[in-house]
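Participant: Take a look at the letters that make up each chain.
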Amino acid sequence: MASPGSFSRLRTKLMFIYLLILTILCICEAQKLNQTSIVFFLQDIASTAPNATVVPVIGIKGKDWSFNSFGTIFAVDDPITETPNRSSNEVGRAQGILVTSALDGSNVSVLLSIVFTNKEYGGSTLELHGVSRQNERFKEVSVVSGTGSFRFARGFAVFETIYYERSISYSIVRCTIRLLES
Amino acid sequence: MASPGSFSRLRTKLMFIYLLILTILCICEAQKLNQTSIVFFLQDIASTAPNATVVPVIGIKGKDWSFNSFGTIFAVDDPITETPNRSSNEVGRAQGILVTSALDGSNVSVLLSIVFTNKEYGGSTLELHGVSRQNERFKEVSVVSGTGSFRFARGFAVFETIYYERSISYSIVRCTIRLLES
Amino acid sequence: MASPGSFSRLRTKLMFIYLLILTILCICEAQKLNQTSIVFFLQDIASTAPNATVVPVIGIKGKDWSFNSFGTIFAVDDPITETPNRSSNEVGRAQGILVTSALDGSNVSVLLSIVFTNKEYGGSTLELHGVSRQNERFKEVSVVSGTGSFRFARGFAVFETIYYERSISYSIVRCTIRLLES
Chain A
190 MASPGSFSRL
200 RTKLMFIYLL
210 ILTILCICEA
220 QKLNQTSIVF
230 FLQDIASTAP
240 NATVVPVIGI
250 KGKDWSFNSF
260 GTIFAVDDPI
270 TETPNRSSNE
280 VGRAQGILVT
290 SALDGSNVSV
300 LLSIVFTNKE
310 YGGSTLELHG
320 VSRQNERFKE
330 VSVVSGTGSF
340 RFARGFAVFE
350 TIYYERSISY
360 SIVRCTIRLL
370 ES
Chain B
190 MASPGSFSRL
200 RTKLMFIYLL
210 ILTILCICEA
220 QKLNQTSIVF
230 FLQDIASTAP
240 NATVVPVIGI
250 KGKDWSFNSF
260 GTIFAVDDPI
270 TETPNRSSNE
280 VGRAQGILVT
290 SALDGSNVSV
300 LLSIVFTNKE
310 YGGSTLELHG
320 VSRQNERFKE
330 VSVVSGTGSF
340 RFARGFAVFE
350 TIYYERSISY
360 SIVRCTIRLL
370 ES
Chain C
190 MASPGSFSRL
200 RTKLMFIYLL
210 ILTILCICEA
220 QKLNQTSIVF
230 FLQDIASTAP
240 NATVVPVIGI
250 KGKDWSFNSF
260 GTIFAVDDPI
270 TETPNRSSNE
280 VGRAQGILVT
290 SALDGSNVSV
300 LLSIVFTNKE
310 YGGSTLELHG
320 VSRQNERFKE
330 VSVVSGTGSF
340 RFARGFAVFE
350 TIYYERSISY
360 SIVRCTIRLL
370 ES
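As they're listed, the protein sequences go chains A, B and C. Plus 189 on top of the position in the first sequence (first one is 1) and you've got the numbering used here. Plus 189 on top of the position in the second sequence (first one is 1) and you've got the numbering used here. Plus 189 on top of the position in the third sequence (first one is 1) and you've got the numbering used here.
For the record, the hints were derived by calculation from the structure and aren't laboratory data. Predicted model, so just to flag it, every value in this text is computed and none were measured. Warning: the hint list may mix true and false statements.
Not the full set, but computed from the structure, chain A residues with beta-carbon under 7 Å of chain C [claimed, not checked]:
hint, residue
1, V288
2, A291
3, L292
4, R343
Among chain A residues calculated to face chain C with C-beta under 10 Å, some are [said to hold, decoys possible]:
hint, residue
5, R198
6, I262
7, N296
8, V330
9, L369
Here are the simulated DSS-like cross-link-like pairs (lysine-lysine), alpha carbons at most 27 Å apart as the crow flies [what the hints assert, rightly or not]:
hint, chain 1, residue 1, chain 2, residue 2
10, C, K252, A, K252
11, B, K252, C, K252
12, C, K252, A, K250
13, A, K250, B, K250
14, B, K252, A, K252
15, A, K252, C, K250
16, A, K252, B, K250
17, A, K202, C, K202
18, B, K202, C, K202
19, C, K250, B, K250
20, A, K250, B, K252
21, C, K250, B, K252
22, A, K202, B, K202
23, B, K250, C, K252
24, C, K250, A, K250
Beta carbons are placed, not taken as given, at the ideal position from N, Cα and C, and that holds for glycine.
Kindly generate the complete structure, drawing on both the sequences and the hints.
Facilitator: Written as structure tokens, this is what we have:
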């Protein structure tokens with residue numbers, strides 16, 4: 190049989206181990222270290238052609254309707270694919286509005302939902318709000334929340350145009366979303 | 190007088206109890222278990238009649254202006270009542286814009302504020318952002334934040350149309366909001 | 190050499206101190222006590238003049254286009270300055286849209302990004318969503334998120350018009366933003 194002193198030491202040791210685990214949990218929670226990353230591709234045709242996925246709705250009277258013309262409002266429904274390849278699996282749609290909101294035409298306000306339709310996230314959405322700085326390579330906007338699997342989500346999304354075909358106004362845009370795990 | 194050993198055991202026991210409470214607190218914080226629920230009813234008249242509460246502002250040239258027509262932008266100011274009954278207490282208004290944002294007309298982008306005017310929450314708002322899947326019974330959008338009593342709010346809102354009168358485009362919509370307590 | 194008993198008491202004391210620190214950390218995290226405050230000034234010209242920074246894009250057919258006319262949609266690009274003085278340092282722009290969203294013309298829906306361009310926060314944004322109650326002195330809207338330095342931001346913004354010159358529709362608006370530190 191062990192002495193009372195060794196019991197006491199064992200208790201103390203166990204308590205220290207326990208405290209250590211608790212501390213690590215608290216620090217993780219406080220710093221929210223864990224982030225999830227999601228990558229997909231927007232297939233974007235910005236025109237007034239029948240197959241367009243970004244269409245100008247209205248602009249300021251007497252001005253052109255374009256991404257460089259202050260006040261132009263666009264409706265968006267871009268297919269989202271798993272790889273840059275247009276014929277790869279569709280994982281959802283990017284739906285909402287864009288508004289050229291810089292007087293010099295440089296920035297576009299973004300109000301979108303990523304509406305997932307694939308097996309993994311179908312029925313869930315992520316809500317995006319921010320400005321796209323058109324002259325920058327990487328355009329960062331806020332992920333303000335989400336629904337379904339993404340309830341209470343917070344994070345940011347980075348857009349990068351990786352392919353552009355001027356003749357048909359066709360762009361492939363990589364979107365990388367980083368979310369805090371909650 | 191108790192022996193030093195019994196003091197030590199008492200201290201150890203107290204510390205264990207203390208640790209248990211602390212652990213429970215940490216787990217609660219980490220999981221944010223507590224949610225608040227709010228239910229109310231939107232009184233919605235979507236038309237161009239003088240008493241309309243949802244009115245089309247503009248659409249894509251050459252297309253109808255409707256909830257099934259991509260690019261149609263609506264302004265909204267729906268009265269919110271305590272019960273489905275139109276003449277029950279008004280608790281606030283749902284104000285903002287809706288945009289048909291699916292090329293096939295199925296989804297409508299939602300950018301609303303719930304502007305409370307009742308005794309309990311008057312002067313406070315909740316901001317909603319998301320898409321309403323019109324073909325689904327339950328339409329979930331994100332609660333992205335709030336003001337007043339709802340500062341720093343996060344959550345989601347579920348809309349369900351519980352009554353519809355086609356002749357006057359009148360709907361009663363139940364809205365259930367669930368918020369994380371913070 | 191100290192007795193085993195005094196060692197045990199030392200261990201116990203250290204553990205209590207440790208527990209105290211851990212508790213304080215947990216409470217701070219749970220209550221998120223710390224808030225940051227940012228103050229700046231919007232230089233706002235709401236007209237159709239060439240130097241306007243808030244311009245009506247469209248309104249409901251047959252109605253005036255104005256801040257008191259339900260359904261009017263405005264594009265915004267207000268310069269933001271460090272002090273009320275128009276010629277003080279520009280720290281950024283307030284870019285996005287405003288929509289008169291109360292049938293009685295009292296409230297305006299706000300969907301803006303604060304796009305910082307100064308040394309301290311250049312490349313970062315804060316996203317604002319809410320309603321501006323035009324008849325109130327202090328107009329509170331939600332800060333729903335941010336990018337760059339303000340990733341994962343949450344908070345609220347209070348607007349107050351501190352100067353108005355009717356003849357040129359020029360307002361100076363103080364904006365105080367309070368953010369949770371995360």
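Participant: Give a verdict on every hint.
Facilitator: Going down the list of hints, with the structure as the test:
{"no.": "1", "hint": "V288", "verdict": "holds (5 Å)"}
{"no.": "2", "hint": "A291", "verdict": "holds (6 Å)"}
{"no.": "3", "hint": "L292", "verdict": "holds (5 Å)"}
{"no.": "4", "hint": "R343", "verdict": "holds (5 Å)"}
{"no.": "5", "hint": "R198", "verdict": "holds (8 Å)"}
{"no.": "6", "hint": "I262", "verdict": "holds (6 Å)"}
{"no.": "7", "hint": "N296", "verdict": "holds (6 Å)"}
{"no.": "8", "hint": "V330", "verdict": "holds (6 Å)"}
{"no.": "9", "hint": "L369", "verdict": "holds (6 Å)"}
{"no.": "10", "hint": "C:K252 with A:K252", "verdict": "holds (21 Å)"}
{"no.": "11", "hint": "B:K252 with C:K252", "verdict": "holds (21 Å)"}
{"no.": "12", "hint": "C:K252 with A:K250", "verdict": "holds (16 Å)"}
{"no.": "13", "hint": "A:K250 with B:K250", "verdict": "holds (14 Å)"}
{"no.": "14", "hint": "B:K252 with A:K252", "verdict": "holds (21 Å)"}
{"no.": "15", "hint": "A:K252 with C:K250", "verdict": "holds (20 Å)"}
{"no.": "16", "hint": "A:K252 with B:K250", "verdict": "holds (16 Å)"}
{"no.": "17", "hint": "A:K202 with C:K202", "verdict": "holds (14 Å)"}
{"no.": "18", "hint": "B:K202 with C:K202", "verdict": "holds (14 Å)"}
{"no.": "19", "hint": "C:K250 with B:K250", "verdict": "holds (14 Å)"}
{"no.": "20", "hint": "A:K250 with B:K252", "verdict": "holds (20 Å)"}
{"no.": "21", "hint": "C:K250 with B:K252", "verdict": "holds (16 Å)"}
{"no.": "22", "hint": "A:K202 with B:K202", "verdict": "holds (14 Å)"}
{"no.": "23", "hint": "B:K250 with C:K252", "verdict": "holds (20 Å)"}
{"no.": "24", "hint": "C:K250 with A:K250", "verdict": "holds (14 Å)"}
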